[in-house]
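4 protein chains.
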Amino acid sequence: MTSNTTGKQFTITTFGSSHGIALGATIDGCPSGLQLTNQDIQEELDKRRPGTSKITTQRKEKDQVKIISGTFNNITDGTPITAIVYNKDQKSHNYDNLKNKPRPGHADICWQKKYGIYDYPGGGRASGRNTIGHVIGGTIAKKILNKHNIITTAHVIQIGNIKSESIDIKEIKENINKTPVRCADLIAAKKMEESILDIKKKGDSLGGIVEIIIENVPLGLGQPIFDKLDGDLAKALMNIGSVKGVEIGLGFKSSAVTGSKMNDEFYIENNKIITKTNNSGGILGGISNGMPIMLKIAVKPTPSISGKQNTVDLENNNITEIEIVGRHDPCICPRITTVAEAAVNMVIMDHMIRAGFIHPDKL
Amino acid sequence: MTSNTTGKQFTITTFGSSHGIALGATIDGCPSGLQLTNQDIQEELDKRRPGTSKITTQRKEKDQVKIISGTFNNITDGTPITAIVYNKDQKSHNYDNLKNKPRPGHADICWQKKYGIYDYPGGGRASGRNTIGHVIGGTIAKKILNKHNIITTAHVIQIGNIKSESIDIKEIKENINKTPVRCADLIAAKKMEESILDIKKKGDSLGGIVEIIIENVPLGLGQPIFDKLDGDLAKALMNIGSVKGVEIGLGFKSSAVTGSKMNDEFYIENNKIITKTNNSGGILGGISNGMPIMLKIAVKPTPSISGKQNTVDLENNNITEIEIVGRHDPCICPRITTVAEAAVNMVIMDHMIRAGFIHPDKL
Amino acid sequence: MTSNTTGKQFTITTFGSSHGIALGATIDGCPSGLQLTNQDIQEELDKRRPGTSKITTQRKEKDQVKIISGTFNNITDGTPITAIVYNKDQKSHNYDNLKNKPRPGHADICWQKKYGIYDYPGGGRASGRNTIGHVIGGTIAKKILNKHNIITTAHVIQIGNIKSESIDIKEIKENINKTPVRCADLIAAKKMEESILDIKKKGDSLGGIVEIIIENVPLGLGQPIFDKLDGDLAKALMNIGSVKGVEIGLGFKSSAVTGSKMNDEFYIENNKIITKTNNSGGILGGISNGMPIMLKIAVKPTPSISGKQNTVDLENNNITEIEIVGRHDPCICPRITTVAEAAVNMVIMDHMIRAGFIHPDKL
Amino acid sequence: MTSNTTGKQFTITTFGSSHGIALGATIDGCPSGLQLTNQDIQEELDKRRPGTSKITTQRKEKDQVKIISGTFNNITDGTPITAIVYNKDQKSHNYDNLKNKPRPGHADICWQKKYGIYDYPGGGRASGRNTIGHVIGGTIAKKILNKHNIITTAHVIQIGNIKSESIDIKEIKENINKTPVRCADLIAAKKMEESILDIKKKGDSLGGIVEIIIENVPLGLGQPIFDKLDGDLAKALMNIGSVKGVEIGLGFKSSAVTGSKMNDEFYIENNKIITKTNNSGGILGGISNGMPIMLKIAVKPTPSISGKQNTVDLENNNITEIEIVGRHDPCICPRITTVAEAAVNMVIMDHMIRAGFIHPDKL
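Residue numbers (my numbering), protein chains in the order written: chain A, 1 to 363; chain B, 1 to 363; chain C, 1 to 363; chain D, 1 to 363.
If you are wondering where the hints come from, they were derived from the structure by calculation, not from laboratory data. A hint or two may mislead.
Which chain B residues face chain C? A few, computed with CB under 10 Å, are given here [claimed, not checked]:
| no. | residue |
| --- | --- |
| 1 | Pro218 |
| 2 | Arg354 |
| 3 | His359 |
The structure presented is a predicted model; accordingly, all values stated were derived computationally and were not measured. For every residue, glycine included, the Cβ atom is placed at its ideal position computed from N, Cα and C.
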């Protein structure tokens, strides 16, 4: 299979580029019987939309979405759902000076060399704008998962060197929308916001860490040996631009504890088998064990920074300088939470059908 | 597609379980024209084989492999290559007391509940022994990649709290086979070995970190948006039992640096465009950029420990105790290096065909 | 993988329904470097467009296509190509009386029962209009195949009981556009046209046989054992609505000849190994042998006929009558030639990449 | 995906060649909970086994099968099932004179040119012996389908010019095992047998037609647009060596009837919606409609005939003669019935899971 489609039973195919005519996605394998309107998708898109606060890019895209297939009287009918967002605020000329001059930290050079022809304005299809497709697919997945009480929450736990305190999941869900950084520790959130505004003034950028929690996943998701649930989640998250690391449960910390500390002891609570700790992060041997799934992703600082940088001119192979003048996020972490939730929800939805928890044809 | 097959153009299907009749793998999509003998695979299998040093499990398996299809006069002919290892030293009775009593940190409970019937001796197909299949596939990939000068090296950089010093790749390759822990820092290696023997005496276990370096990957591997090279590598590595985290390049450290530090500046050396630093770990936007690919994986301590542990009896849902008496590795890191190399080589091989660097039908 | 996508290296995902907002397709795996405009696709769509002659349905759809992604300055850039046709002349009310009353010979009852919710106007996604997607994908395939001198020609050889004489391929290509029935035997074509107009008056319909010839396919396409070239072609053709049979080479006639007659003798002509006869139809053991590929498909008469028919009311399971008043083709054969060419070209294109004749990333 | 695997939810990967070490198959996606022994598979293999009557090849293979993974105490446990048949009666030297001399009607030349290296004894992997894999997979599918009352019956209806009378399905099932030709019309069967013995004496071969009937398939199998049930069945059947045509329902005859004759009228019988006729062959718009599925395949005469034939010597591109001295079936139709049943059962099983009729993980 080609690479703009992902999933096996619940699949998404995305298309479009940053400064092209449109972006969109086709979701195939969505069971019939789900109520679905433009507005459902619009609400999620608005969360990742640029230009909504001082700490995001000032590109003014309404990102208005329209479903053009797959529903009948606003109910999914088992046919592929296509939704489209037309680009409105492209300013391609901002990128004229970048033609043939690959931006450090960006994939420009890779696309240019791999395909020969490169839609360079705004990074073309390599732009973060392609995650509009993820959000379209993720919204549909989320609506179905919510009916099964499965809730995915992504929140920022670190920006640069500022870390949030550990907070209870209930409080996280209450707090994440209270500040533009989507950090539930409101004191840390304030500091994070300030540090983002500060780095923006300096023309530089920051990275951070996002935690994703998936509650109420039933025991039994994940297909060994090669489609383990953590394998598929790791891939979906690493596929998001700027992500440089993925952890499940204790993650890298597990390398420094002993087995007797790491192992999660089984016991019974309310007639349900659970574990006392959750160091495994809800997955054992690639199969969900019924505990909350806990993931962390490392997000690198936005590569688009406004100072001068050295690079190579691909036309003559000479060293040259570039200055990036487009509109960019000084820190992508807050907006990436929406994309991470979407990516994760699509994986969980796919595995819910694959493991027989959701009927493949109709709800 | 079902889950015991992975890859798109170069695929592997594995089968078999720890204490069943046999384990093996079928590789499909291997171009014709490769010299391949049992001995080629045997050499790699011997690296992951148990019972070769004091720090590994004492299960005595020769793991003798036999190719039963796919070659003609010891040359691959474009048909699927199947290779088999028959189990010899099964001691299934060691596991009789574990029936219906899931071992903490293991997938027993997940398999039992998901499938109803569970081949519990030795963890059945969830056992690390299923990675024999990985090594079969990885060996074939490696032989072809080596012709393209692509070299994958996995080495241990941390066991428990003992970390190796940073060492040059040339020295790593020279040193890793000098000690049983496969750590190139020979001083740290000695300490690691001692700490493994120490924890073994205590009936406990250790985890660690393995770094994987892939040299000479050409620019252009990786298929955006959903089969990015780092996405596929993360999945392949996370799919290995005991892996709890994957990093590329700076990994989680990238969350705390600024964009101006993170970005790798392009320049020219010997008429080749390279980057001054390699914080991105050789992949930008999911496509290899020609620099070495640098990955790290977090390996949890072996869940099989010899002390008493609490668990639940699945027959009556009562709390019970278990004691694991099988033969196990006190630390899986040294042996996991071979499996990680195999997993990574299969991904690179698959993408070499996908990106048109290797002809799909014949070498 | 879900079912609205087909192909492995050159894939097409289609979406949309007869009376919905739009229909379209996303082509993934098209190498970069192909000149491609809306007009290229429009020309092919115009061939399958309804309302162009007295013998086709009178639905007046302009079927205007617009590419919204995948090209940069009218050249493919390796990203997914999406093209859309908005529906204009829907008359959904024509179908109000058919709700819950499945039309004989149509898939209404299957969709209704399978998915619960059924976009019944015009047959929804089961309508022949969904082949707009095929033609979008087929056009792109055709443009690339033509560069390799591969030419696909579909022509009508039978309508009802009227059969065309056997005609040389050169003459076929000259004649097929001279009459609306797309039959190259101009005398038979005239009779076919009359018989279609005649059956239309009677409110009934006709079927026929279409032959597809693919010239200049190189030896080596087709991947045994389960993706043989004839297997993939048979599937692609049988997947077209109304097709009830597929033959390759001698087809069903091969059941009544002896092996000594059937076998195509090899010999040399102009330093090329060819066969004296072509009973195998250009494929041996699932692999193209360099001879023209010869296929035939059986097309059933259009199930939409205007007389009264008995059926079952799905609301109360009573026998009822229906009368179909929409606009329909009295014989689908002439228009199906365009769709068959598209379907076949997509398969050949997919296999050209798979067998290494076309680079997967760039032309 | 590579080409030695087929299916999406219930998949089979086959391997091995005619004169190699072994042949076999791995079935993935078989739910846990099915009783399965070597003997189950052996019984089906014995039906396709050579050397069982005067009208089949005299190669004496016991084709003894052994399951080496996927069952625990003779019950499937959700892991991949691998079964192997070792070759015993290879006489590779019979083929020495055929090296580089492609046999007319065989795929020798295609494999030789495509892969460069060709396992030519007995046609290597292109041999009909590779259908041992089909039968392994088909047996497992059949065992599960039978629990759902789905019964597949393949029987010979024509050999050369001898056609059987139309016979009721009940009688077909009673009669097919009464004669070696697997034709239920016992009078025709006798004539067929004689004509096969006669053609064998002449050193020539015969083809024929096999009909496949699948009873009790529920309404709703088949996934439009590109995995229609008839599309998948056509592919599976065309993928069998020697098959040159596939029909469903009226097949090619549907091209010459009118719509009013072709359409199958719906009515009610025993509270079930059925059709009065079954011209569509049980599938409408790619989805099963609950009626018996009726297919026909055209089988070409065995290309291995014993007289002298002209061909080309691939070493020097000169015309040369060959004489095939191996042991071959004068007519493959009787043995192909078992393979056709297997191929069809795997498709139906795959679609039963895909449409949610069978749970993907456990029975």
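Results of checking the hints against the structure:
1. Pro218: Check failed: Cβ of Pro218 (chain B) comes no nearer than 12 Å to chain C, outside 10 Å.
2. Arg354: This hint holds: Arg354 (chain B) lies near chain C, its Cβ roughly 6 Å from the closest one there, short of 10 Å.
3. His359: OK, holds: His359 (chain B) within 10 Å of chain C, min 5 Å.
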